[in-house]
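S.K.: Taken in sequence, the protein lines are chains G and B. Just so you know, we're using this note's numbering here: the first sequence kicks off at -6 and counts up by one. Just so you know, we're using this note's numbering here: the second sequence kicks off at 32 and counts up by one.
To spell it out: a stretch of chain B is covered by chain G in this simulated footprint if at least three of its residues, at any positions, have a beta carbon under 8 Å from a beta carbon of chain G; those stretches are:
{"id": "1", "region": "114 to 126"}
{"id": "2", "region": "191 to 200"}
Some chain G residues close to chain B (C-beta under 10 Å, calculated; not the full set):
{"id": "3", "residue": "Pro41"}
{"id": "4", "residue": "Leu43"}
{"id": "5", "residue": "Gln71"}
{"id": "6", "residue": "Val76"}
{"id": "7", "residue": "Tyr82"}
{"id": "8", "residue": "Ser99"}
{"id": "9", "residue": "Val102"}
{"id": "10", "residue": "Glu133"}
{"id": "11", "residue": "Glu135"}
FYI, nobody ran anything at the bench for these hints, they're computed from the structure. In this text, a Cβ means the ideal position worked out from N, Cα and C, and glycines have one as well.
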Amino acid sequence: MADLHPDNPYAKDRFPDRAKQVEFPPEHKARFEHLLTRYPTKEACLLPTLHLAQEVWGWISPEVVHYVGSLLDLSPAQVFGVVSFYNMYNQKPVGKYHLQVCTNLSCMVSNAYDIYDHLCDRLKINPGETTKDGLYTVVEVECLGSCGTAPVVQINNDYHENMDVAKMDALLPTLK
Amino acid sequence: MTEPIKVLTANIDKPNSASIETYGDYAAARKALAMKPEDVVTLVKDSELRGRGGAGFPTGMKWSFVPKNAPKPTYLLCNADESEPGTFKDRVLIEQDPHLLLEGMLIAAYAIGSCPMGYIYIRGEFYFGATVLDKALEEARAKGFLGKNIFGTGFDFDMTVHRGAGAYICGEETGLIESVEGHRGQPRVKPPFPAVVGVFGGPTVVNNVETLACVPLIVKNGAEWFKGFGTPKNTGPKLYCVSGNVKKPGVYEFPMGINLKELIYDHCGGITGDRKLKAVIPGGASAPMLLPDEIDLPLNFDAVMKAGSMLGSAGIIVLDESVCIVDAVWRLAKFFAHESCGQCTPCREGTNWLESILDRLERGEGRPQDADLLLDMSDNIGGKSLCALGDAAIGPVISSVRKFRDEYVYHVTHKSCLPGTRRYRRLDMPVAAH
Ligand SMILES: Cc1cc2nc3c(=O)[nH]c(=O)nc-3n(C[C@H](O)[C@H](O)[C@H](O)COP(=O)(O)O)c2cc1C
Ligand code: SF4
Ligand code: FES
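Make a model of the complete structure from these sequences and hints.
M.R.: Encoded structure:
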């Protein structure tokens, strides 16, 4: 069989491992049940269910793709198609702190690339990579809808506005 | 000098501006729900309110397209995707005055005869905004302003906050509809228009946050009052987002049609470091650029269109003389290439080509024909793709090649940026796989 792209959940080394079967903890199970009452179709719950899953596991593993599919009566291919379309679903594990630097135009002309370059240099990683201690992942993202307070760095769910290299340096040690 | 106003933003500076106690008791919705739905539509038509999401389509007319007695339920969707680079106005309303939006949605839902569930499609990155909206919804339900038999009128309505997951194309109304249904956000062929067949197969109205926020004000104060702001066909209070190289960036509210030059120099304090202005993008990343001698114009839909650009989402991006225009346009091209949904060949392939040609110009590997090649590529994308993203992607490219051709040529002949201009990114940085 031809080699599959490593991002494909059906690639040999990523095929769902039965031993790693996943299930929502009770709180998320309840939130999932509530979602089902808010939409006229099960399928429409896919995006919010994936958000829930990422909250629990940090990324959407092939096991999660299968699990979410089974919850919503969708094929793994349908679920994976959605996961790979949207930027926010992580297709591989990310660091405890996901440093998302906006480099779109308004942030760029406010020196966002200085922050981005500095983070990669200081953490000794390439864009998209995670530090060995699993703490940080650095990525470049598109406009965060906060250009009036550029440059903006989103760390996990939080916006950090009017940033610069010095502020980033002061912030990093607090992210443990 | 035109004074800024506080109409849409009247509440945002109050303490606890997001709470229902500060906001009030939904008096406008009470008034609207006592009217006939078609009278509410007529009122909004009379106000000449035009959509604030980008296209400026008359809101009352959009509502009147919804067929009565359709076989499937009618839906109201709020577009809170706010992903057009340079745009950050809806976030202010969502985070600081969520009840204004919810009241606007309640009135809109009643006017179009919506089924008892509406959705607020908020971009996934606005996590905080989504929590504010959820809390506001709880408050409104607790007061009986949402739910069953609202204000004893027999009208039932509730809303769900639906978070996107990082895709600009889900701001396009049919991409948004696909995304609510749980699919990839790939736009649909129109017709049928959403007003006839939209989400879950039912008639659907998609309106921007700011558009919906205008509705309670119109119901409360009347169409004539609303038309008192701005000029005929370009009415109402308007939020303008100013960013880039200005001293005081931010969201500014004016009657529709503030002069662009006045906005930049008088209200935003002028250009950072008192440098010279180079170009202005008046309506978000999709809008063609204007030169400094083109900015003495009112920021309303018709005037900006006449000037060869568009008001779009009123995201004004200011670029000063130190910015390399090829670099700036490359960054926007990279955005559109990343955000193309991939459905149509001209857009999917073309946006990537635009990005790579601009990149090679920046790397000193440009070819003499590249400026014309960019125009030619653009010609093969514009009007030849399914949704407006393709046309959006070529706006900055065409306008910059036409207005800054010398700077493009300089990149080819000197293999560098114009003296005194800078590129911001490092060319040796590896690009992360996506
Ligand atoms: C590529 C693309 C992106 C868009 N993004 C947004 C957006 O983020 N927010 C928005 O309100 N409208 C956006 N729109 C416009 C919507 O398609 C639609 O016209 C709008 O939501 C209608 O609301 P309105 O009539 O209240 O303006 C976008 C359009 C296109 C083509
Ligand atoms: S024009 Fe681009 S974004 Fe729009 S449907 Fe076609 S490929 Fe998708
Ligand atoms: S360009 Fe960075 S938030 Fe808009």
